[in-house]
Amino acid sequence: MKKSYIFILPIVALLFLSGCFKEDEKTQFYGNVDLRTVSLGFRVSGKIKNIYFDEGQTLKKGDTIAKLEDDLYTQSLKSIQAQIKMQKTQIEKLEKGYREEEIEKAQATYDKSVVALNKSRKDYERYLKLSKTKSVSKQTFDDYKFAFENAKAESNYAKSQLKQMKNGYEKEDIASAYAKLESLKAQEKEASIHLKDTKLISPNDGTILTRAHEVGAIVSQGTPIVDMALTNEYWIRSYIGEKYLGLIHPNMKAKVYTDSQPDKAYEARVGFISAQAEFTPKSVQTTELRTQLVYRIRLIVENPDEYIRQGMPVTIEFEDLDEN
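Number 324 marks the last residue of the sequence shown (full-length UniProt numbering); no jumps.
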């Protein structure tokens, strides 16, 4: 009977120890918080007139962050708009044709040129006969001949002008005027966009991280004015070993814990798993992983709050992760 107790005691002790060192169903990983950031700058160049936010201040989508002096852009837009107005007037004139007064004036000019041509023709014919009998000098005859040819040219021109006015403007002229109007409208649109771009507008909710320039600075197109962290765009960067590639997958749920609030769990899901292995970053302190090739993963935090900060170390737990 005593021998039975001797064998049972070691078995009980072994079971107790195995229970103490049994692996938890929750597998932990470590990572750091990252934010999505964006550098914002003007799409046009100019002198900064106002900056309405400072570092650390929060922004709402659509807020005006800064503004350039816009006098030149406003003047350019107004100038193009004035040209458009003039061009529309010109098109209206072309489509209506010549005024009745202009046609009457052209008719009078033509009639006058016909009278002058008839007189010049008679003079030319008379002096032509005289020149044949040597009754006038060659110079005199040439003068009357030139006058006749000039009168004929003027009459032909007056006739063509009258015909043009009666027929109205050429279709090609009207088409050309419309083409110029469309070109001016395109310039107006571009100038309007440039004027609008003198305001730097927040594309999302967020927080100003850095402010690179001050009022009065002259900046070129695309120069970063502020760096902004996007609100509700927090994600965790972590690394996993090769054995977890078949266990952890995109959209898999996880819980994230911070050192400052170890009892509060943030909900997260796997958004990305790298397809390329890399050597373990220095930031990973786990001895097991330090000499391994690992795969970078990204987890999206679904319920961030004001206590989440960029660079903050976190602990990640995946429940029921079967490593067998």
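Think of the hints as simulated: they come from the structure by calculation, not from any bench.
Yeah, the Cβ is synthetic: ideal placement off N, Cα and C, and Gly gets one too.
Watch out, some of these pointers could steer you wrong.
[What the hints assert, rightly or not] Below, in silico cross-link-like pairs of lysine-lysine (DSSO-like), each with a Cα-Cα straight-line distance of 30 Å or less:
1. 243 / 85
2. 152 / 61
3. 88 / 253
4. 145 / 163
5. 60 / 105
6. 122 / 112
7. 171 / 159
8. 243 / 88
9. 185 / 196
10. 264 / 243
11. 129 / 119
12. 159 / 60
13. 96 / 85
14. 122 / 85
15. 255 / 243
16. 264 / 253
17. 119 / 132
18. 112 / 60
19. 138 / 152
20. 61 / 85
21. 134 / 152
22. 105 / 78
23. 96 / 196
24. 132 / 145
25. 49 / 78
26. 119 / 88
27. 122 / 88
28. 105 / 189
[What the hints assert, rightly or not] So the derived label-pair ranges between C-beta atoms look like this:
29. 242 / 69: 51 to 61 Å
30. 190 / 34: 13 to 23 Å
31. 149 / 71: 20 to 30 Å
32. 37 / 90: 21 to 31 Å
33. 169 / 137: 21 to 31 Å
34. 215 / 243: 53 to 63 Å
35. 182 / 213: 54 to 64 Å
36. 190 / 306: 20 to 30 Å
37. 175 / 111: 51 to 61 Å
38. 86 / 125: 14 to 24 Å
39. 86 / 232: 48 to 58 Å
40. 175 / 203: 16 to 26 Å
Looking at the structure, which of the earlier hints fail to hold? As far as the earlier hints go, 1, 2, 3, 5, 8, 12, 14, 18, 20, 22, 23, 26, 27, 28, 30, 31, 32, 33, 35, 36, 37, 38, 40 are violated by this structure, in ascending order.
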